[in-house]
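Student: In case you want the letters, here they are:
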Amino acid sequence: MNAVARTVAAVPVRTSVKTWEAITGLLAPAGSPGRLRLDAVTNIAAILITAEYTSQAPIVVMPTSGPRVRIRTVHGPDAADALPGEIPLPASPCAEPGWSMSLPCGIDDIDEIRGALRGHPGIEARDLTDGAFVDEPAAEAVAWSVNYDELETP
Amino acid sequence: MTTAVYVNTTTYAATHVATNMLGSIRSIIKGSGLSPDLIRDQWATLENGIETWLASRHLKAVTLEVFDPGKRPSDFAGRFDFTIDYGYYPGGDGDLWLDPDTVAYTVRKNGSYPGRCRYRIVIDCAPGYPPIPGWADTTYRSTEGFTRHTVGTALGGGSLGAGLSYYTRSGK
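Sequences listed follow chains A and B, in order. So in the working numbering, spot 13 of the first sequence is number 13, and the numbers just go up one at a time. So in the working numbering, spot 72 of the second sequence is number 72, and the numbers just go up one at a time.
What you were told as hints is all true, and nothing was included just to trick you.
Derived Cβ-Cβ restraints for the label pairs, each shown as a range:
{"hint": "1", "chain 1": "B", "residue 1": "105", "chain 2": "A", "residue 2": "107", "range": "19 to 29 Å"}
{"hint": "2", "chain 1": "B", "residue 1": "112", "chain 2": "A", "residue 2": "110", "range": "20 to 30 Å"}
{"hint": "3", "chain 1": "B", "residue 1": "144", "chain 2": "A", "residue 2": "111", "range": "31 to 41 Å"}
{"hint": "4", "chain 1": "B", "residue 1": "171", "chain 2": "A", "residue 2": "25", "range": "47 to 57 Å"}
{"hint": "5", "chain 1": "A", "residue 1": "111", "chain 2": "B", "residue 2": "118", "range": "16 to 26 Å"}
{"hint": "6", "chain 1": "A", "residue 1": "56", "chain 2": "B", "residue 2": "128", "range": "39 to 49 Å"}
{"hint": "7", "chain 1": "A", "residue 1": "40", "chain 2": "B", "residue 2": "35", "range": "17 to 27 Å"}
{"hint": "8", "chain 1": "B", "residue 1": "144", "chain 2": "A", "residue 2": "114", "range": "38 to 48 Å"}
{"hint": "9", "chain 1": "B", "residue 1": "38", "chain 2": "A", "residue 2": "32", "range": "25 to 35 Å"}
{"hint": "10", "chain 1": "A", "residue 1": "36", "chain 2": "B", "residue 2": "134", "range": "13 to 23 Å"}
{"hint": "11", "chain 1": "B", "residue 1": "60", "chain 2": "A", "residue 2": "108", "range": "27 to 37 Å"}
{"hint": "12", "chain 1": "B", "residue 1": "31", "chain 2": "A", "residue 2": "25", "range": "29 to 39 Å"}
Here are some chain B residues pointing at chain A (derived, C-beta under 8 Å):
{"hint": "13", "residue": "18"}
{"hint": "14", "residue": "19"}
{"hint": "15", "residue": "22"}
{"hint": "16", "residue": "36"}
{"hint": "17", "residue": "96"}
Non-contacting residues of chain A with respect to chain B, defined by C-beta distances greater than 12 Å in every case (computed):
{"hint": "18", "residue": "32"}
{"hint": "19", "residue": "91"}
{"hint": "20", "residue": "97"}
FYI, nobody ran anything at the bench for these hints, they're computed from the structure. Note that the structure is predicted; figures quoted are calculated from it, not measured. The beta carbon of each residue, even a glycine, is placed where N, CA and C say it ideally should be.
For reference, chain A alone in the conformation it holds in the complex (with noise of 0.2 Å):
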C-alpha cells in the first residue's frame, strides 16, 4: 500500500491552531464538507501539537481511494526547515466522504481525547506507541509495511 508523507512546520514558526490550519489546507479545499469536519476538532487537535505528539508519531489519513496520507509536524529550531516541504497533495484525501483519521496521542491524554472526539465519527486518536499502525478495515486486512523511504521523501 502506497502511503504519502509530509511534514509541516510547527511552534515556533505557527501557533498549534495556525499549524493545525495548515495542515487542515493540506487534506481538503476550504469550504468543503471534509473541512468543516477537520475544522471541528481544530481544538483538540491543537492540543495534541501542542503537546509535540504530532511530531513523535504521523497523523495518519485514510482516504476512500488512493494514497494513504501520513503527516507529522516539526517543532522548535527545525520548524522553519519544514516550510519548503509544504508542498500540496496530488489529491485532497478529505475531498470525498468515506474518509478517516487517527491522531497521535500520549497514554497521558488519550482518555480524555478519545472522550472528545466522540461525537466526531471518523476521527480517532490512537496511542502513539502504536506506531504509524492503524486498524485495517475487514475487507483490506492483507499484509502490508510502511514504505519508509517514501515517507521520508518530501
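Starting from the known structure of chain A, fit chain B onto it as the hints suggest.
Tutor: For chain B alone, kept in the frame of chain A given last:
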C-alpha cells in the same frame, strides 16, 4: 522531564511563549485534578488572544483562577499567574525554551483541588490592547487570606520571560 532549549528567533518568541504557556496551564489544570474540558473547548480563542497581546506587548499576565462554586463568603480557591517580563533578556536574543520542571514543581507544591472546583483564564493587559472576539472584561477575585508564592521563570524566548507564581491559603 527535560529542559528544552531552542535556537533563538526573535520573531517566533511570541508564538513559542503563547502556545507553550497555554500548554503549561493545561498541565497545571490536569495535575491539579481539574477538568481539562473548559480549556480544551476554548483553546483557539485563548491561544489567539495570548499570542496577539504578546506580539503587541500589551499582555502583562495570564492567570488560571480556581474557584469553588457555592462556597461563601468567597469562592476563591487559588490561582496561578504567568507574569510576562518583556525585558527578561535585555538584548532580546534569548533562546526559546520551556522548563516543564518548574510547572511540575508548582503543581506538586500546590496540591490538588476538590473535583467540584472550576476555573477560568484571566488576562491582564495594558491599556490600549486591541480587542479580540471571544474575550470580555472582568475583574479578579479577591486573594484576601491567601499567600503568593513565586516559583521562577517557566519559559522564555527573544526578550520575553514568563514567571510563574501561585497562591495558597495563608498558613497552609
